[in-house]
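**Q** As a plain string of letters, each chain reads:
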Amino acid sequence: MSQQATALPPEAEAQHEPGYLAVSNVTKRFGAATVLDSLSLSVGRAEFVSLLGPSGCGKTTLLRLIAGLLAPDQGAIEVGGRDLTRVAAHRRNIGVVFQNYALFPHLTVAENIAYGLRAKGVPKAEQAKKVADALGLVRMEAFADRAVTALSGGQQQRIAVARAVVVEPSLLLLDEPFSALDRKLRETMQIELRHILRDLGITSIFVTHDQDEALVMSDRIAVMNEGRIEHLGTPSEVYARPKSLYTMEFVGQSSRIGGVVTGGRDGLVEIDTPFGLIRAPGHFLSGSKVVVGVRPEAIAAGEGPAGEYNTVRGTVAEVIYFGSRTLLHFRTAQDDDRLHVELNRLPDTVSPGVEMTVRWRVDDSRVFPAPAGDDR
Amino acid sequence: MALFGSLFCRLVLGFVIVFLFLPILIVLTVSFSSSAVFAFPPPGFSLRWYASLANADSMLQAVWLSTQIAALSTAISLVLGTLCAIAITRGMIPGAKVVATFMASPLMLPGLVLGIAFLQAARDFGLRDTYSTLLIAHVVITMPFIMRTVLASLSLFDFAMVDAARMLGRSYPAALWTVLVPNILPGFVSGGLFAFIASFDNYPVSIFLVDVRTKTLPIQLLNQVEMSPDPTVAAISALLILGTIAALIVCDRLVGLKRMASI
Amino acid sequence: MTLARDDLAVASTAKPARWSFDAKALIAAPGLIFMGLAFAVPVLMLIGDSFVDRDGLSLAGYRKVLGDPYYIGIIGNSLQLACITTAVCLAVGYPAAWALARIRGVWQVILFALIFLPLTVSIVVKTFGLTIMMRRDGIINFLLVNLGFIERPMRLVFTEFSLYFGMVNVFLPFMILPLYSVMRMLDPRLLDASASLGAGPVHTFLRVTLPLTMPGVIAGGTLVFSISVAAYVTPGLLVGDRFMTMSQVMAKAYLNIRDFQLGASMAVIMLVISAALILASSYLVRTPGGERR
Ligand SMILES: Nc1ncnc2c1ncn2[C@@H]1O[C@H](COP(=O)(O)OP(=O)(O)O)[C@@H](O)[C@H]1O
Ligand SMILES: [Mg+2]
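In order, the protein sequence lines correspond to chains A, B and C.
The first sequence begins at -9 in my numbering and counts up by one.
The second sequence begins at 18 in my numbering and counts up by one.
The third sequence begins at 207 in my numbering and counts up by one.
The set of hints was computed from the structure by calculation and includes no laboratory data.
Errors might be hidden in some of the hints.
[Said to hold, decoys possible] Straight-line Cα separation of at most 25 Å, SDA-like style, residue types lysine to any residue; simulated pairs:
#: 1; chain 1: A; residue 1: K120; chain 2: A; residue 2: G21
#: 2; chain 1: B; residue 1: K114; chain 2: C; residue 2: K458
#: 3; chain 1: C; residue 1: K458; chain 2: C; residue 2: L250
#: 4; chain 1: C; residue 1: K458; chain 2: B; residue 2: S245
#: 5; chain 1: C; residue 1: K458; chain 2: C; residue 2: V363
#: 6; chain 1: C; residue 1: K230; chain 2: A; residue 2: D189
#: 7; chain 1: B; residue 1: K114; chain 2: A; residue 2: D189
#: 8; chain 1: C; residue 1: K230; chain 2: B; residue 2: S245
These numbers come from a predicted model, not from an experiment.
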């Protein structure tokens, strides 16, 4: 998956002049609960940004604020330089694809798509043409006169997209649009939707709690946690250089080893862990409690040159076979410390209980302050 | 034994249906009788009582008044009740459960008690106009029927559709009108039908509110039954029954009878 | 038309969202204000009126009603009327609803419609039909004589027989429909299971069928009791003054003798009976064994 993300044209980010959508210091409370806490987000024109976070972290709320279906308690929302904070939802010209599509069951497929055009007073002849174009875009020409209730999930999904883009919105918001689809269909739809939106050049905000989906589809990902954005960056940045332990753990698999800093020099710190001494890039005071994170695929079996690599020995706790690869789990007495190692080819001798040496590059280690309450 | 049990139950059901239809069939039979007395079996067949309806001015006036009151009160309840039900369903107002129970509670009160309450209040507030007093009272009578069916329909309605309509350029009221209304139409039809029947057929509330010149149909009918029962009353009753059946069939075509009754 | 009154707890459909004010909430205002002024205020005023006479606060109305054996007897009449009507409706309605719920296919639709249709016919019309049936030359006497049960037609109008015959006729569907809606949900395999465990039909009925259909019994019973205790048109036409009920007294108090405090006190007593009944039934359906939903 990281290959796909890094395969994006390197200038992808540069194309998007930032600030087309500007969410500034937006706060939203429901009663006593602060759901969004002074959140800011800037998205460039034609950019595709995912909001990624666990359910309940405020993704839908942020989307509804941008759409105008909710009003913020504080902060401002601008699109294309126009302040929309006080503009009614129906005057914002923002398209939304809802989680369960919210198609109108009393209208046919074509009438669903024409709904927004009618609301905007587009002449009849032009309506028909645009509806036909939109149907072509999502490859649903044959279904124009069907009842929407007779469509499959994937087809409904396409109609929902067609209905939202046919009015040429200045911004498209998608709230977990694939969550109701099975996995196979979801994967085809992800690619297809990405192509459609890139061709149309629509700026899109895409909500998901599925990290793979975010990595595959996005120009940039905003990792959200409890009403804040933890990390905003390209998929490869977010995956390879997460800014926080939260991001590291939420996006992709990771090993997590707790320890105490014992010293450091040249931008490296030495950390005492249950697996022995580990070195990692970073600046921490001696005695700080930290957590070291490593991606499983960065770890290899066997020893490495001492200068560049961390080498540790541990007892294999579990072997999980995936076919093309095998995942090894190492555990220590502290249950929370875990070392996941992903191997393409499994040495014959490895089985639970066996001692084994593994290595990874010092540069591939990420160090984060230990979360509060994590006292070791 | 089980066979016997189910046979017994079926027999009872058959008996019940005959029993329920007896008075209705009797009224229909009598309305076609050639005789002015209600003897059974009737001595002959005629349409004279239907013909005599043309001269039954006070009866026709009552039909017209009841139709107006029932139609207007149902329409008002539909609008006020639906708006309220939306606010309740969407949790826009505090104590939604209490509010829903309150709006539906006139159905739980004995009709006469309601009627007396309206009578007293109209006197105390100096409301003298019989027509408007009747109309207000009938809005209260019809409201529970609308609340029940509309709340039930709304609980199945996906409000994201309203949001979708707004994002496609319709204001909130326009979104409700173009998306919510067509989708909960079955609820409107069945709720409206029951509300209409409840108002059209209401006796215990109206009896306290009518005056000599402004009488609703049930009042006028009962008067006639008590004072001078003749087959003219049966003829108008027969027409009412046929009208009801026609309305039920139309509504059944629109939304399905089972669906109406189960709400 | 009222199928199951305790379904009025419709508010369970409402989302228990925590509340924050939203201008859209104003759409509820017209309906709420209307019902407040046109419904809540008059009912509260009526309750207030029952405690007031010409000289101010007084309990004279209640003293008159509750201290006079005549009025106590009338309250008793109303309760007796409601109890017998409910009992007969239950005895007849239960097997009928059972048969209706067990039948499948198009016949169920037809039979259901036949039970439902009489509900939509005006009570005045039905009661009028009943009075014709009860005449000396009416169909009941015609049948009784021709079937050889009696020699000569007998007087039925203004007898308690005609009263209960009419009450059951008018209110029976209100018992059948709630029973039916519960029985339709019942899984017939439960009964087979009970039978396969060696339970006899009586045992199966008492230990399985009856407890499972109890919510329908309670709903139908509450409904029929509460409308028949307040019935006015049917008893009025079928027995008239020979069997005075609370409803007759209330109507007379306002329409004839103009003793408003008497009428208001009677009305409040009836209100209390209805409220107690509804509370009791909602308590019953909540206790284990009578669970709904
Ligand atoms: N209308 C509302 N009233 C009260 N709380 C709400 C409302 N909408 C959302 N919340 C709360 O706000 C938080 C974030 O919700 P949401 O934005 O839907 O999360 P997500 O889409 O990320 O799953 C949740 O804890 C939710 O309970
Ligand atoms: Mg969400």
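**Q** Which of the listed hints are not met by the structure?
**A** Structure breaks hints 1, 2, 6, 7 and 8.
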